[in-house]
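Undergrad: Each chain is listed here by its residues.
Number of protein chains: 2
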Amino acid sequence: MLPVATGEFDLIRRYFTGLGGDGDGIDLAVGDDCALLSIPADRQLAVTTDTLVESVHFPANCDPALLARRALRVNLSDLAAMGARPLGFQLALTLPSVDVSWLAAFSLGLAQDASTFQCPLVGGDTTKGPLTLSITLMGTVERNHALRRDGAADGDYLYVTGTPGDAGGGLAIMTSGGERHNQYLLERYWLPTPRLAAGELLAGFASAAIDVSDGLVQDAGHLCHHSGLGCTLVWDQLPLSTPLVDEFGVEQATRWALSAGDDYELCFSVPPGRAAEMELAMAGAGEQVTRIGVMGRGISGVSCVSSDGQPFRLEQAGYAHF
Amino acid sequence: MLPVATGEFDLIRRYFTGLGGDGDGIDLAVGDDCALLSIPADRQLAVTTDTLVESVHFPANCDPALLARRALRVNLSDLAAMGARPLGFQLALTLPSVDVSWLAAFSLGLAQDASTFQCPLVGGDTTKGPLTLSITLMGTVERNHALRRDGAADGDYLYVTGTPGDAGGGLAIMTSGGERHNQYLLERYWLPTPRLAAGELLAGFASAAIDVSDGLVQDAGHLCHHSGLGCTLVWDQLPLSTPLVDEFGVEQATRWALSAGDDYELCFSVPPGRAAEMELAMAGAGEQVTRIGVMGRGISGVSCVSSDGQPFRLEQAGYAHF
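As they're listed, the protein sequences go chains X and F.
Under the working numbering, think of the first position of the first sequence as 1, with each following residue one higher.
Under the working numbering, think of the first position of the second sequence as 323, with each following residue one higher.
Don't read these hints as lab results, they were simulated from the structure.
Please note that the accuracy of each hint is not assured.
Stated by the list, open to error - Only part of the chain X face toward chain F is listed, based on derived beta-carbon distances under 8 angstroms:
id : residue
1  : Asp50
2  : Val56
3  : Thr136
4  : Thr242
5  : Leu280
6  : Met282
7  : Gly284
8  : Gln288
Stated by the list, open to error - Quick list of simulated restraints, FRET-style, between CB atoms:
id : chain 1 : residue 1 : chain 2 : residue 2 : range
9  : X       : Val100    : F       : Ala382    : 24 to 34 angstroms
10 : X       : Leu191    : F       : Asp385    : 51 to 61 angstroms
11 : X       : Asp24     : F       : Asp349    : 37 to 47 angstroms
12 : X       : Pro40     : F       : Gln440    : 41 to 51 angstroms
13 : F       : His547    : X       : Gln288    : 27 to 37 angstroms
14 : F       : Thr339    : X       : Val250    : 39 to 49 angstroms
15 : X       : Gly204    : F       : Glu599    : 27 to 37 angstroms
16 : F       : Val420    : X       : Cys62     : 20 to 30 angstroms
17 : X       : Cys62     : F       : Asp558    : 28 to 38 angstroms
18 : F       : Thr497    : X       : Cys62     : 30 to 40 angstroms
19 : X       : Asp99     : F       : Asn466    : 31 to 41 angstroms
20 : X       : Gln112    : F       : Glu573    : 45 to 55 angstroms
21 : X       : Pro40     : F       : His547    : 51 to 61 angstroms
22 : F       : Gln559    : X       : Leu191    : 26 to 36 angstroms
Ideal Cβ placement from N, Cα and C applies to all residues, glycine included.
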């Protein structure tokens with residue numbers, strides 16, 4: 001008998017088996033060459049990937065449970081932006097070494113949110129190298145009802161969920177070296193709420209949608225670009241949170257709402273004729289949405305003006321990846 | 323109008339749009355929050371992830387086209403091991419900087435194999451950081467016909483496709499500092515052939531299957547473990563290639579066939595009553611398969627003996643990931 005090297009396999013088995021429960025449609029999870037999943041015949045598979053690299057997307061030595069939860073939520077937000085429902089995810093985890101306490105905390109955090117959002121781990125790969133997480137998340141959406149970026153029409157109203165800018169405030173606090181503390185804003189950075197219920201509801205109303213990962217102006221810009229339109233974004237109608245305004249003032253809050261990334265709210269367009277019905281449905285579901293602008297054929301890119309026509313000047317339109 | 327930061331988005335658009343063609347079942351590819359795919363009602367989705375990290379899984383400054391092609395093939399091999407057919411893939415690419423000539427070569431190599439194996443790129447993420455590629459590959463397999471690791475029965479014959487050991491020889495040449503050269507062995511390392519046609523055929527015959535990524539002994543060991551059995555592997559019946567034996571001799575070739583990783587051949591079990599029919603089907607399809615052992619209840623792990631009962635001693639059973 002020859003011994004089988006066990007390091008990686010024991011590690012995977014121990015921390016990543018059964019993570020997030022069974023889940024409908026998961027026929028075979030972690031442990032074979034592939035995971036096997038069933039997609040209902042009346043639904044399409046929706047797939048998205050997000051990668052987080054240490055010292056690029058998150059600070060060295062950050063809390064592994066928060067890191068895991070944030071990584072999953074960031075991916076779930078992409079599903080929300082398509083109006084899709086979570087099915088399961090693959091985790092590509094690159095680790096500098098096998099640190100059992102780190103792995104225990106990481107997998108516990110991941111399991112917590114995988115359960116909350118009914119999205120079990122179905123497979124992945126664990127490798128040695130600089131700390132990097134890449135999650136590929138799968139969901140399903142009713143056939144031909146996905147929210148794409150390219151469906152907005154001239155005159156459609158532009159909306160945003162929640163209160164953008166909070167994550168920018170949270171990041172500023174995190175990097176302030178302990179000068180400030182605000183639990184609400186920190187949690188808005190570390191634990192963004194993927195707007196899954198809003199996304200599924202919107203599949204019946206919205207003409208186009210995107211999630212705000214790189215900043216509202218930049219992401220609204222993608223929606224404009226894909227739809228072959230521009231938009232006017234009314235900056236003094238942005239739904240700013242009280243904690244953000246209290247901590248940093250309206251101008252800085254507005255700046256972050258427009259240009260800081262990491263909010264993971266949904267930015268979407270709705271035909272005017274469906275707007276009232278959509279707002280009612282959202283209110284009924286307890287989802288905050290705010291009308292912040294209008295899509296237009298005559299507008300170039302994203303034009304930020306106040307209700308009385310004053311422009312807002314931004315130094316940078318959003319997160320630059322390179 | 324506010325400018326939208328364009329670096330990453332132009333880069334993705336330029337090199338990764340339309341890569342590998344359209345593909346059946348791809349409803350929406352690169353460019354939205356999610357890709358959208360259709361899975362036929364009589365098939366299951368099969369998903370696998372493999373990550374390659376620079377200086378861990380491949381040398382620094384290696385040929386980007388070969389790297390891309392190898393990464394995709396390694397993943398395709400996991401689909402083959404399930405008897406699945408490629409559908410499309412997500413690419414998580416982490417790059418230290420935007421090097422246009424590197425990206426051009428990488429995407430060209432990737433497109434070449436994505437076309438060859440009818441497996442288009444459907445989405446992904448590009449991030450800044452230490453060079454890492456993670457591919458999540460999706461395929462489909464006829465419902466309840468996937469080749470799992472846990473189906474082998476006592477007395478089933480054990481087989482392997484192709485000629486294992488070649489990739490070990492290729493790796494040795496690559497790291498020999500130019501002392502040796504053998505194009506066949508180098509290509510067997512860099513461009514393993516995912517045994518997709520063999521896998522799909524085997525879905526009608528094999529009781530269990532795995533692909534040989536970590537070494538034949540180690541991967542046969544997984545098959546044993548999952549099936550609750552052991553196996554006898556007859557080392558002097560291993561199908562060694564002539565170039566490998568000519569270059570390194572039978573003993574070293576046998577050692578690599580047993581314990582070097584990276585071959586991406588299929589190791590599988592077949593009930594004795596189906597063996598002749600399977601061998602005929604494989605021969606008809608031009609797929610080389612060799613019977614190399616037998617699964618057994620009374621055997622502990624993987625027992626390597628010659629036809630006349632001599633044991634083979636290995637220093638290491640396979641690739642240790644950490």
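Undergrad: That 27 to 37 angstroms hint for Gly204/X and Glu599/F (C-beta), does it hold up?
TA: Violated: the Cβ-Cβ distance is about 53 angstroms, outside 27 to 37 angstroms.
Undergrad: Does the Cβ-Cβ separation between Thr497/F and Cys62/X fall within 30 to 40 angstroms?
TA: Since the Cβ atoms of Thr497/F and Cys62/X sit about 36 angstroms apart, the hinted range of 30 to 40 angstroms holds.
Undergrad: Please test the hint of 20 to 30 angstroms on the beta carbon pair from Val420/F and Cys62/X.
TA: With a Cβ separation near 26 angstroms, Val420/F and Cys62/X satisfy 20 to 30 angstroms, so the hint holds.
Undergrad: Given a hint of 26 to 36 angstroms, does the C-beta separation of Gln559/F and Leu191/X actually sit inside it?
TA: Since Gln559/F and Leu191/X have Cβ atoms about 57 angstroms apart, the given range 26 to 36 angstroms is violated.
Undergrad: Looking only at beta-carbon atoms, does the pair Leu191/X, Asp385/F fall within the given range of 51 to 61 angstroms?
TA: Violated: the Cβ-Cβ distance is about 42 angstroms, outside 51 to 61 angstroms.
Undergrad: Starting from the range 37 to 47 angstroms, see whether the pair Asp24/X and Asp349/F falls in it by beta-carbon distance.
TA: Violated - the Cβ-Cβ distance for Asp24/X and Asp349/F, about 22 angstroms, lies outside 37 to 47 angstroms.
Undergrad: Could you tell me whether the CB distance from Thr339/F to Val250/X stays inside 39 to 49 angstroms?
TA: holds, 40 angstroms
Undergrad: Given Leu280/X as an interface hint, is the shortest Cβ-Cβ distance to chain F below 8 angstroms?
TA: At about 25 angstroms, which exceeds the 8 angstroms cut-off, the nearest Cβ of chain F leaves the hint on Leu280/X violated.
Undergrad: Given Asp50/X as an interface hint, is its Cβ closer than 8 angstroms to any Cβ of chain F?
TA: Asp50/X check passes; min Cβ-Cβ to chain F is 5 angstroms, inside 8 angstroms.
Undergrad: Can the hint on Met282/X be confirmed by a CB-to-CB distance to chain F that is less than 8 angstroms?
TA: Hint on Met282/X: violated, closest Cβ of chain F at ~19 angstroms, above 8 angstroms.
Undergrad: Does the Cβ-Cβ separation between Val100/X and Ala382/F fall within 24 to 34 angstroms?
TA: Hint holds: Cβ distance 30 angstroms, inside 24 to 34 angstroms.
Undergrad: Under 8 angstroms is the threshold here; is the Cβ of Thr136/X close enough to any Cβ of chain F for the hint to stand?
TA: Since the shortest Cβ distance to chain F is 4 angstroms, the answer is holds.
The structure does not agree with the numbered hints 4, 5, 6, 7, 8, 10, 11, 12, 13, 15, 17, 21 and 22 stated previously, though it agrees with the rest.
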